[in-house]
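Student: In the order they appear, the protein sequences are chains P and D.
Residue numbering for the first sequence follows this note's numbering, beginning at 3 and increasing consecutively.
Residue numbering for the second sequence follows this note's numbering, beginning at -18 and increasing consecutively.
Don't take every hint at face value.
Keeping only pairs whose Cα atoms sit at most 20 Å apart, straight-line, the calculated DMTMM-like set for lysine to aspartate or glutamate is [stated by the list, open to error]: (1) D:K157 to P:D70; (2) D:K157 to P:E61; (3) P:K170 to D:E321; (4) D:K208 to D:E321; (5) D:K2 to P:E239; (6) D:K278 to P:E61.
Source of the hints: derived by calculation from the structure; they are not laboratory data.
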Amino acid sequence: METRTVETRHAPVRYLEGGTGQPLIYLHGAGGVTADDPLLTTLATRFRVFAPFLPGYGESEECGELRDMLDFTLHTWDVLEALGVANPVLVGHSMGGMIAAEMAAIAPHDVSRLALICPAGLWLDDHPIADMFSLLPFEMPNYLFHDPEAGAALMTAGLKMDDPEFLKTYLIRNARQLGMAGKILFPIPERGLAGRLYRIKAKTVVIWGESDRLIPPIYGPAFKAAIADSRLVTITEAGHMVTVEKPAEVAQIIGTLV
Amino acid sequence: MKFTWFNLMPWPYLPDDFREKNRSVWVDIDQRLFDPAASHEVYNTYMDLLEYADTLGFDGVGVNEHHQNGYGIMPSPNLIAAGLARRTKDAAIVVLGNSIALYNPPVRVAEEFAMLDCISGGRLVAGFPVGTSMDTNYCYGQIPALTREKYAEAHDLIIKAWTRREPFAFNGRYNKLRRVNIWPRPIQQPHPPVHIPGGGSVETYDFCIDNTYSYSYLSFTGYIRAKALLQGYWDRVAARNAPDTSPYRAGFAQTICVADTDAEAERLYSEHLHYFYNRCLHVYPGFADAPGYRTIKTIQAGALSQYAPPKGFGELTWKDLTEGGHVIAGSPETVRQRMEEMIKGLNVGNIFCLMHVGNMPAEKCMYSSQLFAQKVMPKLRGVLPECEGDERFWCHPLAKRVTAGALPKSAGAPRVPEHA
Chain P
3 METRTVETRH APVRYLEGGT GQPLIYLHGA GGVTADDPLL TTLATRFRVF APFLPGYGES
63 EECGELRDML DFTLHTWDVL EALGVANPVL VGHSMGGMIA AEMAAIAPHD VSRLALICPA
123 GLWLDDHPIA DMFSLLPFEM PNYLFHDPEA GAALMTAGLK MDDPEFLKTY LIRNARQLGM
183 AGKILFPIPE RGLAGRLYRI KAKTVVIWGE SDRLIPPIYG PAFKAAIADS RLVTITEAGH
243 MVTVEKPAEV AQIIGTLV
Chain D
-18 MKFTWFNLMP WPYLPDDFRE KNRSVWVDID QRLFDPAASH EVYNTYMDLL EYADTLGFDG
42 VGVNEHHQNG YGIMPSPNLI AAGLARRTKD AAIVVLGNSI ALYNPPVRVA EEFAMLDCIS
102 GGRLVAGFPV GTSMDTNYCY GQIPALTREK YAEAHDLIIK AWTRREPFAF NGRYNKLRRV
162 NIWPRPIQQP HPPVHIPGGG SVETYDFCID NTYSYSYLSF TGYIRAKALL QGYWDRVAAR
222 NAPDTSPYRA GFAQTICVAD TDAEAERLYS EHLHYFYNRC LHVYPGFADA PGYRTIKTIQ
282 AGALSQYAPP KGFGELTWKD LTEGGHVIAG SPETVRQRME EMIKGLNVGN IFCLMHVGNM
342 PAEKCMYSSQ LFAQKVMPKL RGVLPECEGD ERFWCHPLAK RVTAGALPKS AGAPRVPEHA
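Bound conformation, chain D alone (with noise of 0.2 Å):
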């Protein structure tokens, strides 16, 4: 199993009555709502909570790329990343991960994935979203029914510049370069292993299994709604006549809170969800889907977008959030059980633990990470005895890694061979 302790890194100081006096929490966000002074100290407490979380163990930290958004305020995600690659010294950085079909060149991603990875010494988990309908189209303008064609188009191009190494020529339909040739390129080979986050897109299925990269769905509601969705990606993989249903094919995003007793949870952790599901997935539901973004096949599957649910996440309880599996919550031993549950019935190897929670303050988000990694995943190490061996998917680090501001305090005289 890999844990990896994710951020969405929501904006703390949404108004009480944000939900009444603003039609969206994305794309169209009121301005003024956001203090610049102010995230001074939102992002370096967040960024702090990253690194502690690689102190406590876990496999990985995650960072992911949202624009216009309430609810994350991390349009480039590898800045966060370099900093994080700086000041971690285990944790695989999971930057899950930049919309490609959304940097022009493309060529730019392979570029600071490489850098990424170069500096963290091979800590890279590198993410190629399709991006979201308000991040993709709605914010950065893509046209819907193209974003497919484009996004495949860059990643090959991103696949060819890591591997090939020599100059090519890309004549592609977006992108027309005479002279590809990264410059760095990564320290693992043949390249990063890739995490593809998709929203229940068949052709996103497809493509994963084809190229052998893992598919995480990431989603709000939990395990227990995503069963229908993982259960279609399983039957997918037998259908393509994959090698293997290793758990590390698939990843999912879950909300955790860990008290001490369910009790604790609830009263440390309740207004917190509240914040979060009934301000920051407040999202106009006219964003949630441009017409074109999701194929004709995906509509007749059933997949339509979370953001638009038919009834909204606005109301819903600490009991409706915790029973409907939307959160997982409780003490170590709850937290567990139903975390166990959630592994083996979604067959997933890969878990992105939203330990953040809307506006959770600090000493709340360290309580709950720590307990969770002490108490529940030591636990859940072994729970799917398939994982063991499968290296496919995760970073392979350089063995022997060099620590960041290791520099003496101050420059002496430097010594040089007299005869150099």
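Pulled out of the complex, with its shape left as it was, chain P reads as follows (with noise of 0.2 Å):
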């Protein structure tokens, strides 16, 4: 994957893109996305990935100006006309499937395939969603993974939390992406798009990971009911981080929209 930027009306920002084919575009969670992701890489076999990164995350610089969600789904739609990119596949996961869903609602011709993989965006006061923003960094992967220790130690890779300047680093990282996210998902990632999602038209697939701690799969089902053309499919042995743990599913169920 090669990081490029574009210009929007808002700010400079930055993209992952790889592969050849159909063009997809993938919508990144809370915790960001890197070149190296697996769930990316994999989809780059058969498609045009792009992988924009929302101000705040990655290189991308911070951006003031959005505030709300229709601010962040505006901005992801003037992305997508800055790359030249006309109704591609749409895949978001956990943050960005929000995104994406909230895209697919608002301009319900533009999108004719829709991935939702994880998607925040849906409240049921019976199954609260887990407050990430007070989490502390070790209680993270219990949530985020099927084997939280396996994904610790994904997580942790090559990082030196004893180490001062380190941890300055990470608390602006922290800061920078979890203070944009914020305004969407704090301190309830759910902004109205329940009263919004009958408008979607997309041939949708909603993707789950059976042992998301997170969001849990209960969610599945409440957005299966509400988009009209959509299925569920839930992938066994795998967390929130579904992306990681099990990319070649993933990306073979996105195949399926095409």
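Two chains, two frames, some hints: make the complex.
Tutor: Have a look at this one:
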């Protein structure tokens, strides 16, 4: 995957690009995404993949002008416009799934294929979503991975959490990324999507990791019920980071959309 | 120098094993640990102590705002301040303060502060904190990265509401108001003095300097650790070409315990300090600093939350606390020396004296406060001569004020002129 920059109305946006074929837009979750992400590299064997960083993520500049859900949704449409991509396969994970669903709801005639991977955006009182903002780093893997130990090893590989300078870098990255994510996810990751899902016309697949402890899999049926042309696929032995734990399966399911 | 007697109002009945059995004193503290019937006495004792401080000659009595917090049972400082406005005579009512981003609309703060100023005869000192991340984000649900923008708008709205003499429209991002026209308005003109409590945000320094507000650092870790932070503030005062470096541009909170001798101080107060640092400051680190609450600039400057210290407060001994400067405690002479060192070292004119600590009973608190007021405070009055004559950062009460509760004991026949 190559890292490139595209200008938009609000900020220059960095994005990852790789592969050939039909265009596919991948919107990352609140944890961000890297060029060696296994799902992106797998998808790139079949699609021309674009993965824009939300402002504040990766090397994308922060953007104070983006404040609410509508800003995020329109900004991401601006990115697609700037990339010159029309009618892509639109894929979003977690927070990215929330943004993708909003995009498909606000412009239903411009999205014909949609994949939502453990998306945020709904709230069920009986099944509260964990408060990721107050989790300490060592608590994260248990919420994110089917296998927390393996997940923890992945998350901390090469990181020196005892080094104060590293800690400062970590805190700044966290503040940049989750500060931005908080605008649509804090304190409850729900901004009215439930009232707009009915507008989606895209052929949709909702993908969930069966062991997701951040956004419990019970949210899967709620999305499926609200989107007309949709099906739900649950992947076993995978958590919220199903993108990392089962990338081949996720890519294969996305492939069924085309 | 201005000395304000301050009470955080801690809940005094946290159990011995609080730390072991609970993850946080704040945000998700166990509901069952609060006993409403017992709080009746706790609140009234705490208010009595604040009133007592007025009789001792403290320049101010101070209250603040916290939510869902076992060491501060004062979600509405204005309610306590209203009681104090009636029952104290001379002390400034220092509300430090109202977290103005949390009031909807913030006109409410302009109104309530105006009421306090009117009832107290112009004794209000108005504090506008951004609020801790625990209060503002985790308890009151404000979006961290938007909190400062909302705060700045609330501030502009309140100052306009206080100073404009015609109804005005306010088209903010967070407040849309067609006719702002507060009634009543404050006695003090153009408005009561403003103090801004902060935790080391560079943006807050500039905000205080540019508006001639006093910057208060309310820490529990004492003056030795505060030195670097306040030096950062004074460097900024110089860099921004403020017209002066008046010590009243800064305030500092210090835990103080006075007894006859150093040994008596340890014997009397050690357990209460331990209660405070061990139980009251037991905050789950995940609540200390919601991502986005602190700006990148501030994190880069190294200002992290005092609620997530690298090494916990839990095991600090009397020796650690007094020698480390968290606490200034001992005989009047010991306390005088350390206070003088602190005042000169930090160049602070406003001292917020944390004289009530943890689960300290009233009689010990009164003893310590009285010794401080009689044997320490007078000797510190002239420590910073630069304070002399600077009236910008303190209240300006009416010269002639009424006495609350001065109506006759019973109603006689009203005397009305016959042809009125």
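Student: Does K157 (chain D) pair with E61 (chain P) here, judged by a C-alpha cut-off of 20 Å?
Tutor: violated, 36 Å
Student: Just to be careful, I want the Cα atoms of K170 (chain P) and E321 (chain D) compared with a cutoff of 20 Å; is the pair within it?
Tutor: Roughly 35 Å separates the two Cα atoms, so the pair is violated.
Student: Check the hint pairing K278 (chain D) with E61 (chain P) against an upper bound of 20 Å on the C-alpha distance.
Tutor: Distance ~17 Å between K278 (chain D) and E61 (chain P) Cα, so the pair holds.
Student: Given the hint that K208 (chain D) pairs with E321 (chain D), does the C-alpha gap stay at or below 20 Å?
Tutor: holds, 14 Å
Student: Quick one, are K2 (chain D) and E239 (chain P) close enough, alpha carbons at most 20 Å?
Tutor: violated, 34 Å
Student: Next pair to validate is K157 (chain D) with D70 (chain P); report whether the Cα-Cα distance is within 20 Å.
Tutor: holds, 17 Å
The earlier numbered hints that this structure contradicts are 2, 3 and 5.
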